[in-house]
Amino acid sequence: MGTIRVYYTSVTGSRQVKQKQAEVTRILDINKTKYELIDVSISEHLLQEMRAKAGNPTAVPPQIFNGDDYCGVRKKNLDFVFKQ
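In the numbering used here, the protein residues as written are 1423 to 1506.
Everything labelled a hint here was simulated from the structure, so no lab data went into it. One thing to keep in mind: the hints can contain errors.
Distance condition first, Cα-Cα at most 25 Å in a straight line; then the derived BS3-like pairs of lysine-lysine [claimed, not checked]:
#1 Lys1456 <-> Lys1440
#2 Lys1442 <-> Lys1456
#3 Lys1442 <-> Lys1454
#4 Lys1454 <-> Lys1440
#5 Lys1475 <-> Lys1456
#6 Lys1442 <-> Lys1475
#7 Lys1440 <-> Lys1475
The structure displayed is predicted, hence computed values, not measured ones.
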């Protein structure tokens, strides 16, 4: 398994984004999965990096990657993280 990276933002007015971020980290924590949090709010470069890796110029956090593999943010995609 590669390094799990979760791109998130510490600054958002969107309840939906906050809920998705909390759900993703909760699931990873419950499964005792080590992961790295990358806060895109601290750098425009990090936001653009996340979008480029996701292949979507308008992607919003959270976005999950297992190594170089894009996992997205849906629960079913989290299964990919755990099966690798």
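When the structure is checked against the list of hints, which entries are broken? Sort them ascending. none
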